[in-house]
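**Student:** Could you build the full structure based on these sequences and the hints that come with them?
Residue numbers (this note's numbering), protein chains in the order written: chain W, 1 to 280; chain E, 1 to 280; chain C, 1 to 280; chain Z, 1 to 280.
It cannot be assumed that every hint is accurate.
[As the list claims (entries may be wrong)] Heads up, simulated DSSO-like pairs for lysine-lysine below, C-alpha to C-alpha not over 30 Å straight-line: (1) E:K92 x W:K13; (2) C:K84 x W:K235; (3) E:K262 x W:K62; (4) C:K92 x C:K13; (5) Z:K235 x C:K262; (6) E:K235 x C:K84; (7) E:K13 x E:K92; (8) C:K262 x E:K235; (9) C:K144 x W:K84; (10) E:K235 x E:K62; (11) W:K84 x W:K62; (12) Z:K235 x C:K235; (13) W:K235 x C:K235; (14) W:K235 x E:K235; (15) E:K92 x E:K235; (16) C:K62 x C:K235; (17) C:K66 x C:K13; (18) Z:K235 x W:K262; (19) W:K13 x W:K92; (20) W:K84 x C:K235; (21) C:K262 x W:K262; (22) C:K13 x Z:K66; (23) Z:K66 x W:K235; (24) Z:K62 x Z:K235; (25) Z:K62 x C:K13; (26) E:K235 x W:K63; (27) E:K84 x C:K144; (28) W:K84 x Z:K235; (29) Z:K235 x E:K235; (30) E:K84 x Z:K235; (31) Z:K262 x E:K235; (32) Z:K92 x Z:K66; (33) E:K235 x W:K13; (34) Z:K144 x W:K235.
Calculated from the structure, these hints are not laboratory results.
The model shown is predicted, which means the values in this text are computed figures rather than measured ones.
There are 4 protein chains.
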Amino acid sequence: MTNTLILIQCPDKLGLVVLISGIVARQQLNIVVMREFVDHDSAQFFTRIECSGTNTHPETLKKAFKDQLGPEAFVRVGPYPSDKRIAVLVTKEYHCLGDILVKHFFGVLGAEVCCVVGNHDVLTSFTRRFSIPFYHVSTEEKSKQAFEEEVLQILNQYNPDYLVLAKFMRILSPEFLARYPNRVINIHHSFLPAFAGAHPYRRAFERGVKLIGATAHFVTPELDAGPIISQQTIKIDHTYTVAQMVEAGQEVEKTVLSRALKLVARDQVFISGNKTIVFE
Amino acid sequence: MTNTLILIQCPDKLGLVVLISGIVARQQLNIVVMREFVDHDSAQFFTRIECSGTNTHPETLKKAFKDQLGPEAFVRVGPYPSDKRIAVLVTKEYHCLGDILVKHFFGVLGAEVCCVVGNHDVLTSFTRRFSIPFYHVSTEEKSKQAFEEEVLQILNQYNPDYLVLAKFMRILSPEFLARYPNRVINIHHSFLPAFAGAHPYRRAFERGVKLIGATAHFVTPELDAGPIISQQTIKIDHTYTVAQMVEAGQEVEKTVLSRALKLVARDQVFISGNKTIVFE
Amino acid sequence: MTNTLILIQCPDKLGLVVLISGIVARQQLNIVVMREFVDHDSAQFFTRIECSGTNTHPETLKKAFKDQLGPEAFVRVGPYPSDKRIAVLVTKEYHCLGDILVKHFFGVLGAEVCCVVGNHDVLTSFTRRFSIPFYHVSTEEKSKQAFEEEVLQILNQYNPDYLVLAKFMRILSPEFLARYPNRVINIHHSFLPAFAGAHPYRRAFERGVKLIGATAHFVTPELDAGPIISQQTIKIDHTYTVAQMVEAGQEVEKTVLSRALKLVARDQVFISGNKTIVFE
Amino acid sequence: MTNTLILIQCPDKLGLVVLISGIVARQQLNIVVMREFVDHDSAQFFTRIECSGTNTHPETLKKAFKDQLGPEAFVRVGPYPSDKRIAVLVTKEYHCLGDILVKHFFGVLGAEVCCVVGNHDVLTSFTRRFSIPFYHVSTEEKSKQAFEEEVLQILNQYNPDYLVLAKFMRILSPEFLARYPNRVINIHHSFLPAFAGAHPYRRAFERGVKLIGATAHFVTPELDAGPIISQQTIKIDHTYTVAQMVEAGQEVEKTVLSRALKLVARDQVFISGNKTIVFE
Numbered sequence: 001m002t003n004t005l006i007l008i009q010c011p012d013k014l015g016l017v018v019l020i021s022g023i024v025a026r027q028q029l030n031i032v033v034m035r036e037f038v039d040h041d042s043a044q045f046f047t048r049i050e051c052s053g054t055n056t057h058p059e060t061l062k063k064a065f066k067d068q069l070g071p072e073a074f075v076r077v078g079p080y081p082s083d084k085r086i087a088v089l090v091t092k093e094y095h096c097l098g099d100i101l102v103k104h105f106f107g108v109l110g111a112e113v114c115c116v117v118g119n120h121d122v123l124t125s126f127t128r129r130f131s132i133p134f135y136h137v138s139t140e141e142k143s144k145q146a147f148e149e150e151v152l153q154i155l156n157q158y159n160p161d162y163l164v165l166a167k168f169m170r171i172l173s174p175e176f177l178a179r180y181p182n183r184v185i186n187i188h189h190s191f192l193p194a195f196a197g198a199h200p201y202r203r204a205f206e207r208g209v210k211l212i213g214a215t216a217h218f219v220t221p222e223l224d225a226g227p228i229i230s231q232q233t234i235k236i237d238h239t240y241t242v243a244q245m246v247e248a249g250q251e252v253e254k255t256v257l258s259r260a261l262k263l264v265a266r267d268q269v270f271i272s273g274n275k276t277i278v279f280e
Numbered sequence: 001m002t003n004t005l006i007l008i009q010c011p012d013k014l015g016l017v018v019l020i021s022g023i024v025a026r027q028q029l030n031i032v033v034m035r036e037f038v039d040h041d042s043a044q045f046f047t048r049i050e051c052s053g054t055n056t057h058p059e060t061l062k063k064a065f066k067d068q069l070g071p072e073a074f075v076r077v078g079p080y081p082s083d084k085r086i087a088v089l090v091t092k093e094y095h096c097l098g099d100i101l102v103k104h105f106f107g108v109l110g111a112e113v114c115c116v117v118g119n120h121d122v123l124t125s126f127t128r129r130f131s132i133p134f135y136h137v138s139t140e141e142k143s144k145q146a147f148e149e150e151v152l153q154i155l156n157q158y159n160p161d162y163l164v165l166a167k168f169m170r171i172l173s174p175e176f177l178a179r180y181p182n183r184v185i186n187i188h189h190s191f192l193p194a195f196a197g198a199h200p201y202r203r204a205f206e207r208g209v210k211l212i213g214a215t216a217h218f219v220t221p222e223l224d225a226g227p228i229i230s231q232q233t234i235k236i237d238h239t240y241t242v243a244q245m246v247e248a249g250q251e252v253e254k255t256v257l258s259r260a261l262k263l264v265a266r267d268q269v270f271i272s273g274n275k276t277i278v279f280e
Numbered sequence: 001m002t003n004t005l006i007l008i009q010c011p012d013k014l015g016l017v018v019l020i021s022g023i024v025a026r027q028q029l030n031i032v033v034m035r036e037f038v039d040h041d042s043a044q045f046f047t048r049i050e051c052s053g054t055n056t057h058p059e060t061l062k063k064a065f066k067d068q069l070g071p072e073a074f075v076r077v078g079p080y081p082s083d084k085r086i087a088v089l090v091t092k093e094y095h096c097l098g099d100i101l102v103k104h105f106f107g108v109l110g111a112e113v114c115c116v117v118g119n120h121d122v123l124t125s126f127t128r129r130f131s132i133p134f135y136h137v138s139t140e141e142k143s144k145q146a147f148e149e150e151v152l153q154i155l156n157q158y159n160p161d162y163l164v165l166a167k168f169m170r171i172l173s174p175e176f177l178a179r180y181p182n183r184v185i186n187i188h189h190s191f192l193p194a195f196a197g198a199h200p201y202r203r204a205f206e207r208g209v210k211l212i213g214a215t216a217h218f219v220t221p222e223l224d225a226g227p228i229i230s231q232q233t234i235k236i237d238h239t240y241t242v243a244q245m246v247e248a249g250q251e252v253e254k255t256v257l258s259r260a261l262k263l264v265a266r267d268q269v270f271i272s273g274n275k276t277i278v279f280e
Numbered sequence: 001m002t003n004t005l006i007l008i009q010c011p012d013k014l015g016l017v018v019l020i021s022g023i024v025a026r027q028q029l030n031i032v033v034m035r036e037f038v039d040h041d042s043a044q045f046f047t048r049i050e051c052s053g054t055n056t057h058p059e060t061l062k063k064a065f066k067d068q069l070g071p072e073a074f075v076r077v078g079p080y081p082s083d084k085r086i087a088v089l090v091t092k093e094y095h096c097l098g099d100i101l102v103k104h105f106f107g108v109l110g111a112e113v114c115c116v117v118g119n120h121d122v123l124t125s126f127t128r129r130f131s132i133p134f135y136h137v138s139t140e141e142k143s144k145q146a147f148e149e150e151v152l153q154i155l156n157q158y159n160p161d162y163l164v165l166a167k168f169m170r171i172l173s174p175e176f177l178a179r180y181p182n183r184v185i186n187i188h189h190s191f192l193p194a195f196a197g198a199h200p201y202r203r204a205f206e207r208g209v210k211l212i213g214a215t216a217h218f219v220t221p222e223l224d225a226g227p228i229i230s231q232q233t234i235k236i237d238h239t240y241t242v243a244q245m246v247e248a249g250q251e252v253e254k255t256v257l258s259r260a261l262k263l264v265a266r267d268q269v270f271i272s273g274n275k276t277i278v279f280e
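**Tutor:** And the structure:
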């Protein structure tokens, strides 16, 4: 059954819950789940409301909110659930892509995988077994700009809502990111902010940590510093080699990215400055 | 600063959020945190609302809700935070009591410990070091009824809101429990419903489980079957003896009971049939 | 690089470590990892020794141990790593099979998947995309015995070391299990011994637990009562419907079964009565 | 019952297990638990052996090992268990001290708390309730050197094996640390190496992490960079204020420090360069 989903972000003020829920009620929509949060630092109010039924046109509902909340308010209204379109960028590692494609195949990803782009070609056969287009864009003998331009041209054909960096081991330029603002999701193989940057498992090994982890986050121009969506750690011990950390870590990376994608696909994530608000 | 806390449980119907938040708004109270949940099985609506300020008399506010929601509605309004009074029942194990008394001593329990009652006397000296009255009520040479009567007489002096069974190893009669309905909290040393009843660690050892855990729950006449508030497990392995399980388990028991007490002290727990709704 | 793996189980006695490590040293093998455990209840000694190099013939080494340890000792010697052959039994759920086939495709399962047998056919296309034979054996219009006979005939062609029940929702008869003693691994969707048997998520929902989990175990004739290899739980709350528990639980089931298969594939698991000894 | 504990660290070479276990066997000691590890980076071998009985004099046994292993080997032999003496340094926070003193009171710490030293006096009454001496050494109106000298003079009276920094919020000088090399244990309120230094919860809040944690480590002159003994994280979300992170974090700090102390008290921890080897 399709419901109606309402997402609102606006400056906080007295009486917002009654104002907003009143508008919903006057449209004869029944609230199934309503979550709200006030970020006191930014004085912003965030709410996510699932309503049963779709008897009001989204544009009508949106207008009703905008009229009351003013032009500063961000309002999104639409049917729910509603699959997002994602494009996946990969390098050589298979595990995050594998999880995504298997879930997609069985219709439980909550998102439509439109294509996979790799800067290596090792995942071509795997991807195509799932009848998903795979594009190999080599980084060799071309500038970073040329590489990114080539990737963007492929992506443009598909008009994805989100780019998922499923162990894509290249740093994207600010110019590239500006094309998908707040719409690029990365999985980093450490519990950020620890071990931002290259070789986190090697550095975890050298530091002798007793935990390793993974972080899914939105990508911003500053490396591994964007808003965090989900994180998890697992226990390791002194017997772990770097290779064993990589192997154990892959399970966590897969789980964390999968969790983040589900949250984003279900519109449970707001971005507020450099943080996320996740209505779980 | 003192806020106002509103707890409501009532039959679910269309428009409850707008109705309730409207009443709050008309009383000039600003919502700090509002959480709601509909239990579709029982068709009950639950909400917990923290409002800043205390400018409305609780009874006035309560009447406003009752007028609108009808006599079936459960409504509680009061200042927040507001320490609950608890009495702790123990046998011989120190760890849960220790955690409670240390937190109480430093004013972070969120509850007032009025007394400790033990069916053994081994925790007397420890309790008194914290200037808390300790009562030893032996079970020897008396009926269960006589024992419980003696305990009740002590408790009556203190009028506690909740009884906390901090590893109290006696089963309380339905008659006793009827005196504190939904107000007795127990910590059981297993992840219920596994290993309900006696000797859970011994049985966990014999079963060869790879996890042990603890469960905090409200006590009902059926043994270890009341509404669960909080649970946690930890990993063990084949090298654990029963004694090592007990030792490792005590840390979890302490953590889980502590968590449950905090949730109850802050009125974050509703009971709905044999389940809890926990607004974390 | 191939090493030599030595697995020994024998009655415990004084000096076993020096005796066994002496034999290893006399064969000019260097111990990479040695783990040992004494089960005091059964008075059995267990050891797992990885040695670098393969300069001694396995049979020679095995004879050396048997000569010293006596006929009661179980001794296995062989190259390491050495892929086990597994057959996977499924019903309709995709997630455990998906994880196994993806890992197998990329050569990181540590086991060779020889075939998949399903009592439904919904996973046929998925399995074949990985170039693995899929056999559909319906249970309809035939006795349980006839069904199992049909499955056994298929399995006989492949001579698997282990059968993996990857959400195979049929109970296997003692006669069937006797054909693969200690060689059938199941994933059960609860933290056993809680919710053994059918519909664990439904029962977890009804009980109002705050944790759900999964258990990988060897299958014995008594339902869900065999030696546990691995278990894990995750936190849930009152907002979870049964369907949401199923969805969240699938991630745990996948992780736990994957972990158990890796441990078994690497010969890190001994069975001792109704328990496992897992040298992690 | 008292056993014999043997700790050995020496350069790795072929046949060490048989050599060492042979010496144990010739002394008529039966191995209860033997754990060993080779750090391939440093080519060092580490072993921890618990033997039943104490029929050999520790010095005789130690000499037997030194004769065979050479002067480079570190060898320690002694009765087991054998309580370590610890001194606890605190500032204002009660929670880690509380856990230590309660466990000490009930004889389960595995260590003897000889005194508590605070640079503030707020924990005086609490400590004395447990009949443990408390020394208040103010940092005001004196140099860091003078402060540390005063602390050292107090500690000298007690001759502790380990100093435990139970939320001691001063940085100790290299000169101070040189007096207790590898014998100062700190609890840091983050999952190091994330948020080393001051105000980790504030910085965790600003970074928007979804996990917070704690790390117990040996103290070296470089701040928060010494060998890690134990770490743990817990999940948080966007609703946590800094104060709520502090509160939730305290539970983890307590658990992690408690775990580290137990491991150290039982001689389960070796230091190897900037890492620990923990035989759990």
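**Student:** Run every hint past the structure and note whether it holds.
**Tutor:** Here is what the structure says about each hint:
no. : hint            : in the structure
1   : E:K92 x W:K13   : violated (53 Å)
2   : C:K84 x W:K235  : holds (27 Å)
3   : E:K262 x W:K62  : violated (40 Å)
4   : C:K92 x C:K13   : violated (49 Å)
5   : Z:K235 x C:K262 : holds (28 Å)
6   : E:K235 x C:K84  : holds (27 Å)
7   : E:K13 x E:K92   : violated (49 Å)
8   : C:K262 x E:K235 : holds (18 Å)
9   : C:K144 x W:K84  : violated (45 Å)
10  : E:K235 x E:K62  : violated (47 Å)
11  : W:K84 x W:K62   : holds (20 Å)
12  : Z:K235 x C:K235 : holds (11 Å)
13  : W:K235 x C:K235 : holds (18 Å)
14  : W:K235 x E:K235 : holds (11 Å)
15  : E:K92 x E:K235  : holds (26 Å)
16  : C:K62 x C:K235  : violated (47 Å)
17  : C:K66 x C:K13   : holds (15 Å)
18  : Z:K235 x W:K262 : holds (18 Å)
19  : W:K13 x W:K92   : violated (49 Å)
20  : W:K84 x C:K235  : holds (27 Å)
21  : C:K262 x W:K262 : holds (27 Å)
22  : C:K13 x Z:K66   : holds (27 Å)
23  : Z:K66 x W:K235  : violated (36 Å)
24  : Z:K62 x Z:K235  : violated (47 Å)
25  : Z:K62 x C:K13   : holds (24 Å)
26  : E:K235 x W:K63  : violated (53 Å)
27  : E:K84 x C:K144  : violated (60 Å)
28  : W:K84 x Z:K235  : holds (27 Å)
29  : Z:K235 x E:K235 : holds (18 Å)
30  : E:K84 x Z:K235  : holds (27 Å)
31  : Z:K262 x E:K235 : holds (17 Å)
32  : Z:K92 x Z:K66   : violated (46 Å)
33  : E:K235 x W:K13  : violated (47 Å)
34  : Z:K144 x W:K235 : violated (38 Å)
Of the numbered hints listed earlier, those contradicted by the structure are 1, 3, 4, 7, 9, 10, 16, 19, 23, 24, 26, 27, 32, 33, 34.
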